[in-house]
Amino acid sequence: MGCVSPDGRPTESGKKLLQAAVESRTPEEIAEETKLPLFRVRSGLRDLTEAGYLREEGGRYLLTDSGKEALRKAGVVV
Amino acid sequence: MEEAPAGTLPRLGEKAPEFEAMTTHGKLKLSDFRGSWLVMFSHPADFTPVCTTEFIAFAKIYDELQKRNVQLLGLSVDSVSSHIAWIRNIEEKFGVKIPFPVIADLDKKVSQLYGMIMPGESKTETARCVFVIDPNGIVRAMIYYPLTTGRNTDEILRLIDALQTTDKHHVATPANWRPGDDVIVPPPATQEAAEERLREGYECKDWYFCKKKLPG
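Going line by line, the protein sequences match chains A and B.
Counting from 1, one number per residue, gives the positions in the first sequence under full-length UniProt numbering.
Counting from 1, one number per residue, gives the positions in the second sequence under full-length UniProt numbering.
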């Protein structure tokens with residue numbers, strides 16, 4: 001999905017997914033909330049997890065401290 | 001351009017080979033599409049006229065495919081930068097936005113995995129292949145066209161409708177079937193079933209050839 005830019009920061013799509021994962025959610029729940037196709041959500045969550053913004057527990061995605069910080073920088077209250 | 005070995009061919013009814021590839025929408029795995037139907041198609045090269053008409057035609061059926069829970073995924077052996085430039089050119093020159101991802105298969109890994117290179121036609125480009133993969137990751141249909149001949153996207157929609165009708169109603173579809181037409185009741189497997197078949201109210205030419213209407 002291209003959720004992480006080459007310099008390691010979340011893209012606009014990445015921020016949208018991080019925002020949807022403020023509460024622990026499954027990819028299906030995030031796709032429902034963001035109205036993005038599930039395949040794009042799955043690949044985006046994978047990118048954001050590899051970049052350290054999310055962690056996965058039992059099929060649910062949660063924000064890491066880096067994820068919260070990235071949202072704060074984007075002006076989103078976490 | 002480097003010649004590529006032709007690779008293997010997937011088989012109908014078998015699991016579609018998993019891959020991870022760079023696309024115009026980032027890195028995607030085949031398994032990311034689990035739960036949706038997928039039409040994966042290859043084209044020989046970016047910035048070529050027949051391929052441009054095909055991309056426009058695929059973009060035009062995109063909404064119809066979405067209604068049927070079908071995603072599209074393009075592929076050629078060009079780079080992501082080339083794909084992006086071509087997609088932008090199509091939008092600028094033809095006013096058509098390409099909404100689906102396109103694999104940049106520079107190392108030909110996916111092309112070889114799916115037998116998309118037909119050395120008799122071109123040793124370096126992918127042919128015009130279409131793979132219909134169902135929500136469980138099974139290859140349900142394959143279409144191969146030569147480099148010179150653009151595909152018929154109406155047939156791809158018809159094929160999806162037929163496959164989904166088969167799954168939903170456990171029937172087959174006759175030649176040139178369209179949604180709303182009568183469908184074929186699978187032939188009976190036993191003599192008893194063949195005799196029962198003739199009493200079930202289907203439109204039968206004979207015990208092996210029965211059609212029925214689907215509910216509204």
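Possibly wrong hints are sitting among the right ones.
Keeping only pairs whose Cα atoms sit at most 35 Å apart, straight-line, the calculated DSBU-like set for lysine-lysine is [as the list claims (entries may be wrong)]:
(1) B:123 x A:16
(2) B:29 x B:108
(3) B:205 x B:109
(4) A:16 x B:213
(5) B:109 x A:16
(6) A:16 x B:97
(7) B:67 x A:35
Some but not every residue of chain A turned toward chain B, in silico, with C-beta under 10 Å [said to hold, decoys possible]:
(8) 2
(9) 38
(10) 40
(11) 43
The following residues of chain A were derived to be distant from chain B, with all beta-carbon distances above 12 Å [stated by the list, open to error]:
(12) 13
(13) 42
(14) 50
(15) 60
(16) 66
(17) 72
No wet-lab data here; the hints were simulated from the structure.
None of these values were measured; they are calculated from a predicted model.
All residues carry an ideal CB built from backbone N, CA and C; glycine is no exception.
A quick look at each hint next to the structure:
Annotation: proposed proximity of residue 123 (chain B) to residue 16 (chain A) is violated, straight-line Cα distance about 42 Å (limit 35 Å). For the hint pairing residue 29 (chain B) with residue 108 (chain B), the CA-to-CA distance comes to about 15 Å; that is within 35 Å, so the pair holds. As the CA atoms of residue 205 (chain B) and residue 109 (chain B) are separated by approximately 49 Å, the hinted pair breaks the 35 Å bound. The suggested pairing of residue 16 (chain A) with residue 213 (chain B) is violated, with an alpha-carbon distance near 46 Å, which exceeds 35 Å.
Taking the CA atoms of residue 109 (chain B) and residue 16 (chain A), the gap is near 32 Å; set against the 35 Å cutoff, the hint holds. Distance hint between residue 16 (chain A) and residue 97 (chain B) is fulfilled; the C-alpha atoms sit about 22 Å from each other, no more than 35 Å. Note on residue 67 (chain B) and residue 35 (chain A): the hinted pairing holds, with a Cα-Cα distance of about 14 Å set against a maximum of 35 Å. Restraint check, residue 2 (chain A) versus chain B: the minimum CB separation of about 4 Å is within 10 Å; hint holds.
Restraint check, residue 38 (chain A) versus chain B: the minimum CB separation of about 6 Å is within 10 Å; hint holds. Because the closest C-beta pair between residue 40 (chain A) and chain B is about 6 Å apart, less than 10 Å, the hint holds. The beta carbon of residue 43 (chain A) is positioned within 10 Å of a beta carbon in chain B (closest approach about 5 Å), and the interface hint is therefore held. Its beta-carbon lying about 9 Å from the closest one in chain B, residue 13 (chain A) breaks the requirement of being farther than 12 Å from that chain.
Not every Cβ of chain B is farther than 12 Å from the Cβ of residue 42 (chain A); the closest lies at roughly 4 Å, contradicting the non-interface assignment. Separation of residue 50 (chain A) from chain B is inadequate, the least Cβ-Cβ distance of about 9 Å not exceeding the 12 Å criterion. Listed as a non-interface residue, residue 60 (chain A) keeps its Cβ farther than 12 Å from every Cβ of chain B; the least gap is roughly 17 Å. Consistency note on residue 66 (chain A): stated as away from chain B, and its beta-carbon is indeed over 12 Å from all of that chain's, at 19 Å minimum.
Against chain B, the non-interface label of residue 72 (chain A) holds: every CB pair exceeds 12 Å, the least being about 24 Å.
When the structure is compared with the earlier hints, violations turn up for hints 1, 3, 4, 12, 13 and 14 and for no others.
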